[in-house]
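With the working numbering applied, the sequence shown covers 203 to 430.
Everything labelled a hint here was simulated from the structure, so no lab data went into it.
Treat each hint with caution, since some may be false.
Said to hold, decoys possible - Below, computed lysine-lysine pairings styled on PhoX-like, alpha-carbon distance capped at 20 Å: (1) 384 with 289; (2) 240 with 320; (3) 270 with 393; (4) 415 with 338; (5) 414 with 257; (6) 246 with 257; (7) 325 with 415; (8) 289 with 388.
Stated by the list, open to error - The following label-pair restraints were derived from C-beta to C-beta distances: (9) 426 with 385: 58 to 64 Å; (10) 296 with 320: 40 to 46 Å; (11) 344 with 314: 28 to 34 Å.
Even glycine gets a Cβ: it sits at the ideal position worked out from N, Cα and C.
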Amino acid sequence: MKSILNTLGFRYIFEIIVIVFSVSLSFYIQDVLNDREKIEQKNKGLEGVLIELEKDNQHFGFTDFYNKQRINYIDSLFNLSFEFKPKYISGMWGSYELLENNRFFDALVSTGAIEYIKSNELKSELSDYYNLEYMKLKSAIFSDNLCFNRFSERLTNFKIDSIKWNGMGKLALHHFNPNDIKKIRKDTKLKSTALDWSMYMRMEIGYSNDAKKRIILLQELINQELNN
Numbered sequence: 203m204k205s206i207l208n209t210l211g212f213r214y215i216f217e218i219i220v221i222v223f224s225v226s227l228s229f230y231i232q233d234v235l236n237d238r239e240k241i242e243q244k245n246k247g248l249e250g251v252l253i254e255l256e257k258d259n260q261h262f263g264f265t266d267f268y269n270k271q272r273i274n275y276i277d278s279l280f281n282l283s284f285e286f287k288p289k290y291i292s293g294m295w296g297s298y299e300l301l302e303n304n305r306f307f308d309a310l311v312s313t314g315a316i317e318y319i320k321s322n323e324l325k326s327e328l329s330d331y332y333n334l335e336y337m338k339l340k341s342a343i344f345s346d347n348l349c350f351n352r353f354s355e356r357l358t359n360f361k362i363d364s365i366k367w368n369g370m371g372k373l374a375l376h377h378f379n380p381n382d383i384k385k386i387r388k389d390t391k392l393k394s395t396a397l398d399w400s401m402y403m404r405m406e407i408g409y410s411n412d413a414k415k416r417i418i419l420l421q422e423l424i425n426q427e428l429n430n
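Input sequences plus hints: build the corresponding full structure.
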């Protein structure tokens, strides 16, 4: 009788051990599969970030060119030693927007795949780029557009004789009344707004250059992460 009880007890304990082991193994396998899925999401996400960083790099290159051109037109407009040209006003008279390319970074964060990035430096640089660099540019662009609105509102006091559109991708030229052109070039409020405006353009140039430097570092760190 005692032998039977011992046998039954052993079988009962053995079955419990098997069940616990099976459940633990199941959880372990699921964790491994989840980790593999997250690592795959991480790698695909970082590959996407590389594509978007290249788009940003091209966009910031245009930012540099566009703002230097606008600053040059502002300087020329209010420098009376230069003969007036319609492009001085038309070239500076535009606003600027930041095209955010952060879909893949947002996906890394929302899925939790960013936590599977091995390099702490890469995680830190990604956070700084998409938060700090974007925030700096957004702040300067916001002020840029405020100046654009102030400048545009002031220009409504002067008469435009005609607007010549030169085709897609080319500058539309605003032809102001010749008498008003003289007034525009001597208008202290317009000049003050324009000089303030050019300061924010210079900030955008500086911030975009900061972002381009960080992009180079990010590209190196991401490639290291993907190749390890």
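Status of each hint after checking the structure:
no. : hint                     : verdict
1   : 384 with 289             : holds (15 Å)
2   : 240 with 320             : holds (12 Å)
3   : 270 with 393             : holds (17 Å)
4   : 415 with 338             : holds (15 Å)
5   : 414 with 257             : holds (11 Å)
6   : 246 with 257             : holds (17 Å)
7   : 325 with 415             : holds (17 Å)
8   : 289 with 388             : holds (17 Å)
9   : 426 with 385: 58 to 64 Å : holds (60 Å)
10  : 296 with 320: 40 to 46 Å : holds (44 Å)
11  : 344 with 314: 28 to 34 Å : holds (32 Å)
Hint check: no violations occur; every hint is consistent with the structure.
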